[in-house]
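Each chain is listed here by its residues.
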Amino acid sequence: MTTLVEIQNLHFSYGDRPILSELTMVFPRNKVVAIMGGSGSGKTTILRLIGGLIAPNSGQIRLEGHPIATQRSAALYQQRRKMGMLFQHGALFTDLTVFENVAFPLREHTNLPETLLHDLVMMKLEAVGLRNAAGLTPSEISGGMARRVALARAVALDPQLIMYDEPFAGLDPISMGVTANLIRQLNDALGSTSILVSHDVHESFAIADYVYFLSQGRVVAEGTPAEMAISDHPYVAQFVNARADGPVPFHYPGKTLAQDLGLSGGAQ
Amino acid sequence: MTVFLTSLGAVVRTWLAELGLAFRTLFAIMMSGLGLWRRPRLITDQIHFIGNYSLVIILVSGLFVGFVLGYQGYYTLNRYGSEQALGLLVALSLTRELGPVVTALLFAGRAGTSLTAEIGLMKAGEQLDAMEMMAVNPLQRVLAPRFIAGIIAMPILAALFTAMGVFGGYLVGVQLIGVDEGAFWSQMQGGVDVWEDIGNGVIKSIVFGFAATFIALYQGFQAKPTPEGVARATTRTVVLSSLIVLWLDFVLTALMFK
Chain A
1 MTTLVEIQNL
11 HFSYGDRPIL
21 SELTMVFPRN
31 KVVAIMGGSG
41 SGKTTILRLI
51 GGLIAPNSGQ
61 IRLEGHPIAT
71 QRSAALYQQR
81 RKMGMLFQHG
91 ALFTDLTVFE
101 NVAFPLREHT
111 NLPETLLHDL
121 VMMKLEAVGL
131 RNAAGLTPSE
141 ISGGMARRVA
151 LARAVALDPQ
161 LIMYDEPFAG
171 LDPISMGVTA
181 NLIRQLNDAL
191 GSTSILVSHD
201 VHESFAIADY
211 VYFLSQGRVV
221 AEGTPAEMAI
231 SDHPYVAQFV
241 NARADGPVPF
251 HYPGKTLAQD
261 LGLSGGAQ
Chain B
269 MTVFLTSLGA
279 VVRTWLAELG
289 LAFRTLFAIM
299 MSGLGLWRRP
309 RLITDQIHFI
319 GNYSLVIILV
329 SGLFVGFVLG
339 YQGYYTLNRY
349 GSEQALGLLV
359 ALSLTRELGP
369 VVTALLFAGR
379 AGTSLTAEIG
389 LMKAGEQLDA
399 MEMMAVNPLQ
409 RVLAPRFIAG
419 IIAMPILAAL
429 FTAMGVFGGY
439 LVGVQLIGVD
449 EGAFWSQMQG
459 GVDVWEDIGN
469 GVIKSIVFGF
479 AATFIALYQG
489 FQAKPTPEGV
499 ARATTRTVVL
509 SSLIVLWLDF
519 VLTALMFK
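Each protein sequence line maps, in turn, to chains A and B. Under the numbering used here, the residue at position 194 of the first sequence is numbered 194, and the numbers go up by one with no gaps. Under the numbering used here, the residue at position 137 of the second sequence is numbered 405, and the numbers go up by one with no gaps.
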């Protein structure tokens, strides 16, 4: 089993605020790997780093053994031809129809005749069940549909790597199940590799081959979904069982309540 | 004193860094624009859009500015008994000064704000990031065509503004007040120089198009991806473009003055 993406000892910070530290991850080919963690744990940042939208402070990310190239370089655009990314809110081009959104990467990167392009786009839309929505604009479709259109657009050029940023956030249970199935089916049908960033335990565990748990920018646990479901790691247990308090405190860290109310010597 | 110097230094440094970033972005847009010769459609579409944004406001404003020039010019010239020169006064004011400047100010308010808001909202909606991830450079696909289109559209809009202004001056001066029609047109024809007056006006409007479009695009591109960020960027576009257009106008007029 070969590796498609590899992250080694990566550090990243926004100014003085560290986001990710000592991060080491492996994404094998043809697998669906989930990165899970609470909001603000740095999950999405990992996808942006792999995509080369931001650069790490230290450490390395490799795609097929080659480091991710520097921003705006021709080499990076070459590497991105092998990636597709689904943004949290779809990021559809609001001035284009559903059809033109999916056609966009094809028009930009190929010189296909219009009839062939039409058929390709229709096949991608068929795969996400939205062939009949081709003529609508992004403002006329629901959030879940927008996500599926974005998915069709992300896989328009049959990428080797598909990255999903919170694909389940804000979806109703039916759309959630539909999206989860799509992610797994597309991964297997295209023979690609998927990285799934999510905090939705149920859906992610159902389709992932391997799971990384992230807390405060560090990997705190990893394993197959089955292993994680019965893990006794305190963070994983809190997360999987959705407990209100545990290693992740309910209260934002800082002064104590007594200090804020001026009841102890802490406040002047 | 030290505190004052430190904060002054910080302000100057931030300002220089901002200026450096702006020029780097400008350079990047111009370089990526070179690759557009293979896709002229991207540029012509934008000329169509940007031109259409501002067309009505430019035509109407031109007409009214012409009306006012007719009245005010007649008021002054009449004192010296030289109201026959009204056509010349209207034409020179418009081609040398009012055409390029007022067009640029209106352009900044109409097309410039649209561009800033459009780019800012594309950024807020992660559309620019999505484009990056599709291996498409947004500088080349989104910013460069708009930049080139703005530079091309501005002189055309200024010419239309000037033409409407001359027409407005004619309506008021000749039709309403009764200045001699022959004198109005022949003085204008004899007194306006193609290179000195019209040429310099065109150069001005190209420079203004460059500045106003770039400011609009840059503000959108650097906007904080939030509603307040886009709102602030849009305001800055109008304020900055207006000030820079007026400042550039002074510099160019001084350089062209003989």
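It is possible that some hints are incorrect.
As the list claims (entries may be wrong) - Covered by chain B, according to a simulated footprint, are these stretches of chain A (three or more residues, beta-carbon under 8 Å):
(1) 76–87
(2) 105–111
(3) 230–238
For the record, the hints were derived by calculation from the structure and aren't laboratory data. We put the CB at the ideal spot given by N, CA and C, even for glycine.
Notebook entry, point to check: Hint by hint, which ones does the structure fall short of?
Noted result: 3
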